[in-house]
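Chains as they are written, first to last, in the working numbering: chain W, 1 to 381; chain U, 1001 to 1497.
Please note that the accuracy of each hint is not assured.
Claimed, not checked - Below, a list of computed lysine-lysine pairs in the DSS-like style, where the Cα atoms sit at most 30 Å apart:
no.: 1; chain 1: W; residue 1: K111; chain 2: U; residue 2: K1104
no.: 2; chain 1: U; residue 1: K1230; chain 2: W; residue 2: K109
no.: 3; chain 1: W; residue 1: K34; chain 2: U; residue 2: K1156
no.: 4; chain 1: U; residue 1: K1417; chain 2: W; residue 2: K3
no.: 5; chain 1: W; residue 1: K177; chain 2: U; residue 2: K1242
no.: 6; chain 1: W; residue 1: K354; chain 2: W; residue 2: K370
no.: 7; chain 1: W; residue 1: K177; chain 2: W; residue 2: K111
no.: 8; chain 1: W; residue 1: K23; chain 2: U; residue 2: K1314
no.: 9; chain 1: W; residue 1: K178; chain 2: U; residue 2: K1104
no.: 10; chain 1: U; residue 1: K1104; chain 2: W; residue 2: K3
no.: 11; chain 1: U; residue 1: K1185; chain 2: U; residue 2: K1274
no.: 12; chain 1: W; residue 1: K370; chain 2: U; residue 2: K1230
no.: 13; chain 1: W; residue 1: K111; chain 2: U; residue 2: K1304
no.: 14; chain 1: W; residue 1: K23; chain 2: U; residue 2: K1328
no.: 15; chain 1: U; residue 1: K1242; chain 2: W; residue 2: K370
Stated by the list, open to error - Simulated DEER-style distance windows between Cβ atoms:
no.: 16; chain 1: U; residue 1: R1261; chain 2: W; residue 2: S251; range: 33 to 41 Å
no.: 17; chain 1: U; residue 1: Y1460; chain 2: W; residue 2: D22; range: 37 to 45 Å
no.: 18; chain 1: W; residue 1: K3; chain 2: U; residue 2: K1417; range: 45 to 53 Å
no.: 19; chain 1: W; residue 1: N378; chain 2: U; residue 2: G1315; range: 17 to 25 Å
no.: 20; chain 1: U; residue 1: I1302; chain 2: W; residue 2: R230; range: 40 to 48 Å
no.: 21; chain 1: U; residue 1: G1403; chain 2: W; residue 2: S303; range: 53 to 61 Å
no.: 22; chain 1: W; residue 1: C20; chain 2: U; residue 2: G1298; range: 39 to 47 Å
no.: 23; chain 1: W; residue 1: D238; chain 2: U; residue 2: D1151; range: 52 to 60 Å
no.: 24; chain 1: W; residue 1: T318; chain 2: U; residue 2: D1233; range: 27 to 35 Å
no.: 25; chain 1: W; residue 1: V256; chain 2: U; residue 2: R1261; range: 33 to 41 Å
no.: 26; chain 1: U; residue 1: G1403; chain 2: W; residue 2: R230; range: 47 to 55 Å
no.: 27; chain 1: W; residue 1: Q211; chain 2: U; residue 2: D1303; range: 24 to 32 Å
no.: 28; chain 1: W; residue 1: D228; chain 2: U; residue 2: Y1177; range: 45 to 53 Å
no.: 29; chain 1: W; residue 1: D22; chain 2: U; residue 2: D1303; range: 19 to 27 Å
I should point out that these hints are in silico values taken from the structure, not numbers from a laboratory.
From the three backbone atoms N, C-alpha and C, an ideal C-beta is built for every residue, glycine too.
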Amino acid sequence: MKKIIIWLTVFLITFFIMSCEDKPNDVDRTAKAKFIVIDTSGTLDIDQKTNLRLFKNGTVTFFSRDYGESFKFKTDENGILYADGLLASHYTISVNHQISEAFSVFGSKEKDIYGSQNEVDTIYLRGMPSSAVIINEIYAAGPVNNVYYMFDLFVELYNNSDEVQYLDGNIICRCSKKDNEPSGIITASDGNTYVRVIYAFQFPGTPGGKQYPIQPYEFVVVAGDAVDHRQAVSTSIDLSNAQWEFYNKQSTDIDVPNVPNVENILSKTTTDFLIGLTNDAVIISSGKKGVRMEGTDAMIDLSTVLDGVQYMSNPIFTRKLDGRVDAGTAGIGIPSYSGKSMERVVLDKSNPKKHSDTNNSTVDFGVNDKPTPGYQGNPIQ
Amino acid sequence: MCYTDIKNFLKVIIIICFLIINNSSLFSQINRIESMGNLFLVIEDEDNNLNLYDRGGNSAFLLIDEPKDWLKINLLSNSGNGSLHKTYEPAGKNNYSIHFEALKNIDENQTFKGIIDYYDYKRKDVYRAIQTNIYGSGPFFIADSTTGTIDFYGPKIAFEYNISFIKDLYLGLNFSYGGEKGIKKIYSKPEITNRYISGQISMVYQLNENIFIGAKLDPFYNYEKIELVKDPDSGTDPITFKYRGFKIFRKSSDDYTRHNRNKGFDVGAQSSYKSQDQSLQIFISGSYFRQGIEYQDGTRDIDKEGYWQEEGYKGTLETRYRLDFLDKNLLFGFGLYYRNFESWSKHPQLPIIFSENKYNSLEIGTGFSYNFTDIGLLLGIEYHKTICDSSLNDYLGNYNFDGSHPKDEIRIGAEYKINNNLWLRLGYIRFSNNPDNQLNEFKFNHNLYSFGASYLIENYVKIDFLLNYGKKESKNLTPDLTYKETSALLFAKFFVF
């Protein structure tokens, strides 16, 4: 009995000693940071004092992946940004400034911000032609079902301009990333920047050709399989009206006769176009530089990327794309087998045909309770 | 009463206990006082003395407080239903428990008490909340996307040991362990596992015939694990909403495991005084407590999610005075209770505060009882007034308030002695919550009615029956909200060991 008492006494006193931690002095939502934003594309005017192309009176977005919350700040007359009242968090800081209908400057930076940071950090902007063809909707979660059916996926493209565009030779890719790389955007042995891809499915025609037009503000659905999936699972969708179908002749994929194919061009890929239900990244490339192969690694030249979307049900997952293609995340909170899709929103209600395209999917995308192939839904952000 | 009659009587009461759909407030051993409207200040009872054990929970005083051996058995059933409750509280409950408790005086210097308890507690129609405690346990809570019933069940064992090595010096030790499982039967089917470990090291010193002083340390450790996994039937991912205080939340749809590790202690000093003629009793205590909860997420790799700490002071003064100069049957009671708590939460890695919370309250209670000895009737009344102040600064959620929550309570009770073996009791409590306007709280009144009966068999077995009915209602809302609860308790105490 005495032994039990001694052991219990030691046990209880141990807990007594362990139960304390010091109270910090700083409170949240008081973090500060300072940035200077410089254009390297040669587009913005040169500042006479500094001889730099400063991004003056422009909007910079801070996105906290931890909290899914965005903060917007403006640079001052000197191109300096003073951000305060921030949550202590890791931020994706992005600038996307449209110069003209066809050209934007953009830049981004990843940074931990907490407390007061007095040193000035720099965000460099580079130029990029604005793409008229964008990925408007991705449905990959699968319908509500208990047989793991998820073959009713589709990628919906959209001509976000008032001019006819062409899909000839365009490539739709599923992205990838190696464990030791911060993202799937890498510098290859030739010194150029590429996006790693694991699938590449190409429209027919030659890049730059004009055989396969997409009319202004027209939707184009590329289905995994262009069939009525409701016949397999009643909660699924009818994709028999899709304009295009992903097809891989190296797999046992269905080839619906009357629907043209977007075909696999990687010899190593032996499956249909299957993407992660709740976590993946998809890009569309003009196809002008084709696919670069280094061993078995496939890559798409970053300069040919027309649009890209990083989607994740949980924003703490590892990203495949960074701010150079997509500074945000679509599809947060979409569970697998939920029948939900992610779709671009319309930010400017006075111009409902113009879908949001800021290269930040957190801002650009919302969630549909049901997929809307071939038409615009009402996605909730 | 013959043996068969007693048996039949017991059968009837047990059946009533389990059939009456109802329930009451907290489980307590002091059924007599509970059935008289909780007149803890002005009713004298062998389990309601103003001493270091009954009031201070000091195990070192057990030897003095419990001179006889006994065995107690409790069967409790209680239930509640209604719409007047906080957002994440259940819209009803069903609770059944069985409780065994035995005390043995090993010799004149040692006492041992053991407890075994098993319960099944169904929280009905809980909106999204899947933690065991949502309110008052820090700002890091998780929720799912459905409303459903969570069934908590599990055993608890405990013991108390008390020894006197030196004259007038008593040492005490207690330890309890409880295991609990909570299961929500609908998607996302979270499984909640709880382990409760607590103990006490205490001492009491008898200064003289009238005065005792004591001190105790009560450490505890509670561990809660909440698991949400993909539905094996449909392959559907669980949806988890993760909160850090107000407004800010993150949503995920993957397998999810939360670990909450709660450690703390309460250290205090106590003293009691009883006058020579026993007309005056005083109990005074003060304590400091601290607890912290470390919140962690992860099924395989565990990440810190946050930390919450609370600390504060508690002080109690209670006195009972029999007004012999007026009437020996008139007893006056007075109580003063002060609480001052402060809590804060912080970032999992950084030295940054998410939120701070302060709370202090002062409760004053007073009342009297009168024993009409000639007709065997005991009557009592108490009034309690509580004033509170609380404030919250949620820096992360960008939300703050300063609030007050005054409360009033009137308690009335009566006991009628039919003969030397049988007593009947009635009680009534009216509780008024005056809401804080800034917090947009509900104004409500709570009426609790209680009935009790005791039957003593040959001084060997005492059987108690307690029935409570309570109704909480708010008439300032559209529609009017109510919450009703009832409880039945059957209690037997055997003095035969």
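Cross-check of the supplied hints:
no.: 1; hint: K111/W - K1104/U; result: violated (65 Å)
no.: 2; hint: K1230/U - K109/W; result: violated (35 Å)
no.: 3; hint: K34/W - K1156/U; result: violated (57 Å)
no.: 4; hint: K1417/U - K3/W; result: violated (49 Å)
no.: 5; hint: K177/W - K1242/U; result: holds (28 Å)
no.: 6; hint: K354/W - K370/W; result: holds (21 Å)
no.: 7; hint: K177/W - K111/W; result: holds (21 Å)
no.: 8; hint: K23/W - K1314/U; result: holds (21 Å)
no.: 9; hint: K178/W - K1104/U; result: violated (68 Å)
no.: 10; hint: K1104/U - K3/W; result: holds (20 Å)
no.: 11; hint: K1185/U - K1274/U; result: violated (54 Å)
no.: 12; hint: K370/W - K1230/U; result: holds (21 Å)
no.: 13; hint: K111/W - K1304/U; result: holds (20 Å)
no.: 14; hint: K23/W - K1328/U; result: violated (54 Å)
no.: 15; hint: K1242/U - K370/W; result: holds (25 Å)
no.: 16; hint: R1261/U - S251/W: 33 to 41 Å; result: violated (49 Å)
no.: 17; hint: Y1460/U - D22/W: 37 to 45 Å; result: violated (57 Å)
no.: 18; hint: K3/W - K1417/U: 45 to 53 Å; result: holds (49 Å)
no.: 19; hint: N378/W - G1315/U: 17 to 25 Å; result: violated (58 Å)
no.: 20; hint: I1302/U - R230/W: 40 to 48 Å; result: holds (43 Å)
no.: 21; hint: G1403/U - S303/W: 53 to 61 Å; result: holds (59 Å)
no.: 22; hint: C20/W - G1298/U: 39 to 47 Å; result: violated (25 Å)
no.: 23; hint: D238/W - D1151/U: 52 to 60 Å; result: violated (42 Å)
no.: 24; hint: T318/W - D1233/U: 27 to 35 Å; result: holds (29 Å)
no.: 25; hint: V256/W - R1261/U: 33 to 41 Å; result: violated (56 Å)
no.: 26; hint: G1403/U - R230/W: 47 to 55 Å; result: holds (54 Å)
no.: 27; hint: Q211/W - D1303/U: 24 to 32 Å; result: violated (52 Å)
no.: 28; hint: D228/W - Y1177/U: 45 to 53 Å; result: violated (59 Å)
no.: 29; hint: D22/W - D1303/U: 19 to 27 Å; result: holds (21 Å)
The structure shown violates the earlier hints numbered 1, 2, 3, 4, 9, 11, 14, 16, 17, 19, 22, 23, 25, 27, 28.
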